[in-house]
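Trainee: One letter stands for each residue in the lines below.
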Amino acid sequence: MEREQIEMDVVIVGAGPSGLSAAIRLRQLAREWGRDDLSVCVLEKGPEVGAHILSGAVIDPRSLDELIPDWRDRGAPLQTPAVADHFLLLREHGSLRLPTPHSLRNDGHYVGSLGNLCRWLGEQAEALGVDIYPGFAASELLYGDHGAVRGVATADTGLQPDGTPGPRYEPGVELLAGHTLLAEGCRGSLSQQVIAGYELDRDADPQTYGIGIKEVWEVDEAAHRPGTVVHTAGWPLDTRTYGGGFLYHFGERKVSVGFVIGLDYTNPHLSPYQEMQRFKTHPAIRSHIEGGRRLSYGARALVEGGVQSCPKLEFPGGMLVGDAAGLLNVGRIKGTHTAMKSGILAADTLFERLGGESDQAMATGLDQALVDSWVWSELQRARNIRPAFARWGLWGGMAYAAVDTYLFGGRAPWTLSQRADHDRLQRQSDAKPIEYPVPDGKLTFPLLSSVHLSNTNHDENQPCHLQLRDPDAPIRVNLAEFGAPETVYCPAGVYEIVDGDEGPRLHINAANCVHCKTCDIKDPTQNIQWRVPQGGDGPIYSEM
Amino acid sequence: MKVLVGVKRVIDYNVNIRVKADGTGVETENVRMSANPFDEIAMEEAVRMKEAGICSELLAVTVGDEGSQEVLRTALAMGADRAIRINVEVSPQPLNVAALLAAVAREEAVDLVLLGKQAIDDDANQTGQMTAALLGWPQGTFASELIVDDGRVRVAREIDGGQQTIELELPAVVTADLRLNEPRFVKLPAMMKAKKRPIEERTPEALGVDMRPRVERIKVTEPVPRKAGVLVADVDELLDKLRNEAGVI
Chain D
1 MEREQIEMDV VIVGAGPSGL SAAIRLRQLA REWGRDDLSV CVLEKGPEVG AHILSGAVID
61 PRSLDELIPD WRDRGAPLQT PAVADHFLLL REHGSLRLPT PHSLRNDGHY VGSLGNLCRW
121 LGEQAEALGV DIYPGFAASE LLYGDHGAVR GVATADTGLQ PDGTPGPRYE PGVELLAGHT
181 LLAEGCRGSL SQQVIAGYEL DRDADPQTYG IGIKEVWEVD EAAHRPGTVV HTAGWPLDTR
241 TYGGGFLYHF GERKVSVGFV IGLDYTNPHL SPYQEMQRFK THPAIRSHIE GGRRLSYGAR
301 ALVEGGVQSC PKLEFPGGML VGDAAGLLNV GRIKGTHTAM KSGILAADTL FERLGGESDQ
361 AMATGLDQAL VDSWVWSELQ RARNIRPAFA RWGLWGGMAY AAVDTYLFGG RAPWTLSQRA
421 DHDRLQRQSD AKPIEYPVPD GKLTFPLLSS VHLSNTNHDE NQPCHLQLRD PDAPIRVNLA
481 EFGAPETVYC PAGVYEIVDG DEGPRLHINA ANCVHCKTCD IKDPTQNIQW RVPQGGDGPI
541 YSEM
Chain X
1001 MKVLVGVKRV IDYNVNIRVK ADGTGVETEN VRMSANPFDE IAMEEAVRMK EAGICSELLA
1061 VTVGDEGSQE VLRTALAMGA DRAIRINVEV SPQPLNVAAL LAAVAREEAV DLVLLGKQAI
1121 DDDANQTGQM TAALLGWPQG TFASELIVDD GRVRVAREID GGQQTIELEL PAVVTADLRL
1181 NEPRFVKLPA MMKAKKRPIE ERTPEALGVD MRPRVERIKV TEPVPRKAGV LVADVDELLD
1241 KLRNEAGVI
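Going down the list, the sequences are from chains D and X. Residue numbering for the first sequence is 1 to 544, as defined by the working numbering. Residue numbering for the second sequence is 1001 to 1249, as defined by the working numbering.
Hint data in this document are derived by calculation from the structure and do not stem from the laboratory. Treat the hints with care, since some could be wrong.
[What the hints assert, rightly or not] To give a feel for the contact side, a few chain D residues facing chain X, derived at Cβ under 8 Å:
1. Glu2
2. Glu7
3. Ser39
4. Ala51
5. Thr157
6. Val173
7. Leu295
Computed from a predicted structure; not experimentally measured. Ideal placement from N, C-alpha and C gives every residue a C-beta, glycine not left out.
Please take these sequences and the hints and turn them into a complete structure.
Mentor: Right under this line is the structure:
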């Protein structure tokens, strides 16, 4: 069946902070310069804007100030100023309060939900004439003459598990655009294709990642301290594993609590989910949420590679923005402000290309604009911190970070390189088994009851969106050598080894998937390919 | 034939329902809302009637605040010809909704009112029946099959232990059960067009409907969590537990 074609000026994939910022800026410029006919369309795979957004989040409003200076008057949902920063080194029995590193100071920042901020940004964008279509997943890149990207196609719907059209089959639609912005967030499925296809990472180190797992709790008024920000290092991780916890009080009696682990961890027995559960039992964390009610759960991979790992943002016919381009500042554990700024810069660049005038000189292209912006100098200053932890562990990393930050001011005359995460796992036989405590049902919970709180859902009657390049590798390599790490790291219980008539086999519960992309990143042989399922499927996060 | 389909905006069926701490209701702030699934089935059936040439005009109606427009956009994208939102700020009760739907049905001279059998939020299962009563029209509830022929509609009803087929004279009210059909996916181009179409607005005052609530909600509580199961060693222990702990035998 032939696909319908729709032509527009700019198509943006992903209604997160970078995509929505680009859309808003484009329409602001269009209005300002009398180009009201400029059509900007945003596709979002989640069932609504914000449904697939997960972040801490302590947000630096720098880019929001630039994009929508009167955001406070317009009721943006950033209503809890960060008032107290705590940086704790956790040990199994006790904790030590350390001086808060400069990068983790949050004066002037806001604690909130990035999902809610995106919902609000979505409203602002629509009011400016942006067309946002949640529930429609961009699943395919379209190419025009000379190999340039010419837009995207949305996923077919109503395909049966074997890939053939079912009774409700509807072919996808081709959205043709002069410019395609990929704002898919960390490890976007189309972003990965353009990075590989146009070798955008030719001069870059491999990208590195972390997995963040988060819960939102509702606590008693008496226990709620709005604006309190806690970051931790140390326990429950060993000193060789990069990661740490966070706990933020915000809004109406809400507390975000979560844990991030670098995906360069080596022990295949390590379960990010269980580490997160264990983290909550530490007295310094427990005291904040005990007696409260857990409202939601989710997980998402994040980029940690920094400038060394940034691909080129521009490719023929389009641009990468935000975390799809790897712009998170891992030292500050923040990426919203850089993501938004990259969206703004992309819009400025595009608008000029579209023949519009603008007061920004952007003729040099997005990559140069980014290098000339504060985003680049901020990421430059932080560039050696994360790889130092990877090389020298917690103590060496902290010592190095102090030297790099306070002695060199982030301008050390060297750059530490990054290594890919997927080949870092030890063989199962060489790794120390980890025993995790049994959940108590009050503070810690079994995995599936957590997944339930992500509200995730997938139409069971569709092709599996988690594709294996080699169907035998899960048993031959993953199970035999690493003890099936996908069954351990997946924070949604998607992967299971089951005994069949012909021996063990990998069973994929794709319906559980929370779209975190960790399997696409961490699989030892890069055998798992995460593709978009039918639009509207996946988690439904609120206030994440 | 003119068909009216009622669509209610409810908390999405995938979302965990949370009771507000003060017990006055369930949390709806920042919670994903979507069309009541049974109403989508009703809408699909009406769209199929339109495609078959049985329905000449398809009217989608919702009762709610401005946020409810979203479900009407979906209805327009599925194939509704017109969309009407009856503007209310406070969530109305089934009798209020029935009175509003009846008023629109009269005003628009529709031949068939097609509703979901119940909304998944309050599970009241009253609106269809009350609408029929207020209009004085025959009703066919829990429909799993619907055939319109020569001014009559034959409805296969899902009833306890089987199926019942009834025939109603039009105009009539029919409510859709789960097995009536499987709603189509909304197409992106249709959604794009639906965004640009007008949504008509009415008010209870203009329709002459008394919106006073008749039922007072006293308290909302969460269901008691299920206790974890236990493994018993043998039949004797099972019998003992059934007799002495559960007290069921």
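Trainee: Holds or violated: the hint that Leu295 of chain D contacts chain X, with Cβ atoms closer than 8 Å.
Mentor: At about 7 Å, which falls below the 8 Å cut-off, the nearest Cβ of chain X leaves the hint on Leu295 of chain D intact, so it holds.
Trainee: Do the numbers back the hint for Thr157 of chain D, that is, is its least Cβ distance to chain X under 8 Å?
Mentor: This interface hint holds because 4 Å falls under the 8 Å limit.
Trainee: Is the shortest C-beta separation between Ala51 of chain D and chain X less than 8 Å?
Mentor: holds, 6 Å
Trainee: Holds or violated: is there a CB of chain X closer than 8 Å to the CB of Val173 of chain D?
Mentor: Holds, about 5 Å.
Trainee: Is the shortest C-beta separation between Ser39 of chain D and chain X less than 8 Å?
Mentor: violated, 10 Å
Trainee: Any CB of chain X closer than 8 Å to the CB of Glu2 of chain D?
Mentor: With Cβ-Cβ at 13 Å, over 8 Å, it is violated.
Trainee: Holds or violated: is the Cβ of Glu7 of chain D closer than 8 Å to a Cβ in chain X?
Mentor: Given a least distance of 12 Å, the restraint on Glu7 of chain D is violated.
Hints 1, 2, 3 from the earlier list are contradicted by this structure; the remaining hints agree with it.
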